[in-house]
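Student: Here is what each chain is made of, one letter per residue.
Protein chains: 2
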Amino acid sequence: MTQKKSKGVIAEKKNEIMGSLKTLGTQIYDQLDSGNFPTITMPSRSTENIHYDPDVRQYILGDKSVTRSARNIRHVKPFTQLAWAAMFSNELTFHRKTSTLRDVYYSAQAYNMTFKDQQESNNIITDLETATGRSREDFNIFPEERSAVFGDLTIEYTVPGYEGKTLNLSSHPDGVLIGPALTSSEFASTTANKVIAIEKGGLFTRFIEENVHKKHNAILVLTAGQAPRQTRYFLRRLHDELKIPVYIFTDGDPWGMHIAMVIISGSANAAHLRDLTTPDAVWSGVWASDIVDYKLPTDPLDDVDIKRLHELQRDPRYQGDPMWQREIKMFLKIKRKAEQEAFSRYGLTYIVDEYLPTKLYEKDKKKK
Amino acid sequence: MTQKKSKGVIAEKKNEIMGSLKTLGTQIYDQLDSGNFPTITMPSRSTENIHYDPDVRQYILGDKSVTRSARNIRHVKPFTQLAWAAMFSNELTFHRKTSTLRDVYYSAQAYNMTFKDQQESNNIITDLETATGRSREDFNIFPEERSAVFGDLTIEYTVPGYEGKTLNLSSHPDGVLIGPALTSSEFASTTANKVIAIEKGGLFTRFIEENVHKKHNAILVLTAGQAPRQTRYFLRRLHDELKIPVYIFTDGDPWGMHIAMVIISGSANAAHLRDLTTPDAVWSGVWASDIVDYKLPTDPLDDVDIKRLHELQRDPRYQGDPMWQREIKMFLKIKRKAEQEAFSRYGLTYIVDEYLPTKLYEKDKKKK
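Taken in sequence, the protein lines are chains A and B. The working numbering puts the first sequence at residues 1306 to 1673. The working numbering puts the second sequence at residues 1306 to 1673.
Please keep in mind that the hints were generated in silico from the structure rather than gathered at the bench. Hints may be right or wrong, so weigh each one.
Unchecked claim - Result set (DSS-like, lysine-lysine): computed pairs, CA atoms no more than 25 Å apart in a straight line:
1. K1600(B) x K1421(A)
2. K1470(A) x K1421(B)
3. K1421(B) x K1600(A)
Claimed, not checked - The following residues of chain A were derived to be distant from chain B, with all beta-carbon distances above 10 Å:
4. G1313
5. M1323
6. I1355
7. P1383
8. S1404
9. R1511
10. R1542
11. K1612
12. M1635
Stated by the list, open to error - One-sided and incomplete, this derived list gives chain A residues near chain B with beta-carbon spacing under 7 Å:
13. A1316
14. T1403
15. T1405
16. Q1414
17. Y1416
18. E1449
19. R1451
20. A1453
21. G1469
22. L1472
23. P1478
24. V1481
25. A1486
26. A1573
From the three backbone atoms N, C-alpha and C, an ideal C-beta is built for every residue, glycine too.
All chains, please: the whole structure from these sequences, using the hints.
Tutor: Next comes the structure, spelled out in structure tokens:
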């Protein structure tokens, strides 16, 4: 077993983040110093400027840009809000405090900064992401949702009070939360040679109990449904920094398939950001063809499922690997779906003893 | 700071759990040996047999009972299903494997045991709970939902592979999951003198960042909305075994109030069970009167909120401490609600620096 090291990534990233805010601020000051009305120019996020890029395998923004100028009376409010958001983000990052989108909305009142509603405040934070090219998590604005991780990876914290302390992520056999402290930690060492992301809590626990992490040298990640952005970022870091493959196991239905796709290729909403996708991650199942091959107990697809499959069929993210179109067609043909727990019909450990190795091996073979 | 110890609780409990299944099985065998059709008698869970008991401060089952007899052709199926569920639970507990309600439903097929649907299988598990007086978590059938904990409590694991290992629950500053391993661990030592349960992930992280656990010697529990059953059981254990008070902080609306109430007095669905309630736990806020006193930013109550408040007004669980009726009336009067994050209008740390100590002190005073 090899030990892998990947350190200093977070320290370097923190400099870049502070730098991106400083650049934005300096730009405004320079314009003021030269006697000009300050303006901020950033890529447009309007629908017609969002394109799928098959090379980077995610949605990106096109050439159109928008400008917010303090000279324009209609721009004064959003310009000021954006400048405030940058200042607040700078405070959060400097004082190393975390917050949520909801906190940002209420915090504005402490500065006599007004937002009409939560949506307006969220939009300004997305403007800040677009203007700086950094995600809001970089500025310590985290989602409410928490997912979890378990496995042999030793992390080194960078958060106040824990600097330099380490934890091996197999210390707690229920798993530990993926929150601000984990996502901002450096990866110190691991013996893992793959990552397995799992949709559901029950199966995550089953995998730990059955020693999947040891048998397959795997770091196990619980997405708890759709993976929160910080978890997608964490998966990308595991893939890039440790240079190990990522496999995703979900329920066998359009929603499970799309949980995998958002980890792989992201969403149109995040077209202005990088680092949230893992294009080489693999959806390992439950495939529609697995439902047939393993004779799994199923439920019928309902109208919403079928409508969703037709949408996914046309979605540019589903045009790459021919597996996607093949499995969508199979779902539409059999008109059935199955949950991960359906494997329990062959005994509780069948999914670990039989299904998982087959799918991991199949994938390995395909990639060679 | 005192060290508190409370060990052996889990070991003793495991004997009781296995004993309860053995008693059920022995009863069936004895009846067969005496040449009788086996029958199982248990309290009825029909609505008219569920009563609120102000002494134990939870719903309990009355004197009515139901019998499942293998003699009665209509009972043969549920009787067999119940016997199978007991056998399956015995296997899970013996082999120390965990599962979910969904797993139980699919596992039945591995034994040629048929359930019409998930609901039928869930009902049989509730029958098993009623017949044995033990909750399904005791038989290693856990919910999907996961919540989290952080603070100075050293636990000693009893799960396979981790027996005798210890972990201090402040090892990971994002918190660790409350799953089967944590709920089945022994409590080894703590310096905490209180528990603070928090509804939302963002605030849980804020409390950790602001060292609430140190400043107030508190174990912090994230309920992540309505607390899953295993979390309610864990809170009760913290209260009973460590003999420390439990405070609950939620959003200031009928739903937050009821999250607290279910931790305190449980639900009608669990009238056949004990150990899932913490009757001495205290709802510390956000109260309707806090919204007024702290001039919090609010949203208007909508029709569903108001309907819910009228329901709670009549609910027997809300008839004890006069605080409940007072706060319900206040909500109905001001017709507004507020989230925990609303305190951010006074700065991100106001809730920790000002509100929390006031509420903890108020409560302490009241209890003296």
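Student: Now, for every hint given, state plainly whether the structure supports it.
Tutor: Okay, the hints, checked on the actual structure:
For the hint pairing K1600(B) with K1421(A), the CA-to-CA distance comes to about 19 Å; that is within 25 Å, so the pair holds. Between K1470(A) and K1421(B) the alpha-carbon distance is near 53 Å, which puts this suggested pair outside the 25 Å criterion. A C-alpha spacing of about 19 Å is found between K1421(B) and K1600(A), which places the hinted pair at or below 25 Å, so the restraint holds. At roughly 21 Å from the closest C-beta of chain B, the C-beta of G1313(A) stays outside 10 Å, upholding its exclusion from the interface.
Residue placement check: M1323(A) keeps its beta carbon more than 10 Å from all beta carbons of chain B (closest about 19 Å). At roughly 29 Å, the least C-beta separation between I1355(A) and chain B is larger than 10 Å, which holds for a residue marked as non-interface. With 10 Å as the threshold on Cβ separation, the claim that P1383(A) sits away from chain B holds: the shortest Cβ distance comes to roughly 21 Å. With a minimum CB-CB distance of about 6 Å to chain B, S1404(A) fails to clear the 10 Å threshold, and the non-interface call is violated.
The non-interface label for R1511(A) is inconsistent with chain B: the shortest C-beta to C-beta separation is roughly 7 Å, within 10 Å. Every C-beta of chain B lies more than 10 Å from that of R1542(A), the closest at about 15 Å, which supports listing it as non-interface. In this structure K1612(A) is separated from chain B by more than 10 Å, as the shortest Cβ-Cβ distance comes to about 24 Å. Every C-beta of chain B lies more than 10 Å from that of M1635(A), the closest at about 21 Å, which supports listing it as non-interface.
Look at A1316(A): its Cβ only gets to about 18 Å from chain B, farther than 7 Å, so that hint breaks. Residue-level restraint check for T1403(A) holds (minimum Cβ-Cβ distance to chain B is 6 Å; threshold 7 Å). A cut of 7 Å between beta carbons decides the hint on T1405(A): the least distance to chain B is about 4 Å, and the hint holds. At its closest, the beta carbon of Q1414(A) sits 4 Å from a beta carbon of chain B; the interface hint therefore holds under the 7 Å criterion.
With a cut of 7 Å, the hint placing Y1416(A) at the interface with chain B is violated, because the nearest CB-to-CB distance is about 10 Å. A hinted interface residue such as E1449(A) counts as satisfied when its beta carbon comes closer than 7 Å to some beta carbon of chain B; here the least separation is about 5 Å, so the hint holds. At a threshold of 7 Å, the smallest CB-CB gap from R1451(A) to chain B is about 5 Å, leaving the interface hint in force. Taken as an interface hint, A1453(A) checks out: its beta carbon lies about 5 Å from the nearest beta carbon of chain B, inside 7 Å.
Interface restraint check for G1469(A): the shortest CB-CB distance to chain B comes to about 13 Å, outside 7 Å, so the restraint is violated. Interface restraint check for L1472(A): the shortest CB-CB distance to chain B comes to about 6 Å, inside 7 Å, so the restraint holds. Using the Cβ-Cβ criterion of 7 Å, the hint placing P1478(A) at the interface with chain B is satisfied: the shortest such distance is roughly 4 Å. For V1481(A), the suggested interface contact is upheld, since its CB lies about 5 Å from the closest CB of chain B, less than 7 Å.
The criterion of a C-beta within 7 Å of any C-beta in chain B is met by A1486(A), whose closest approach is roughly 4 Å, and the hint holds. Checking A1573(A) against chain B: minimum C-beta separation of about 26 Å lies over 7 Å; hint violated.
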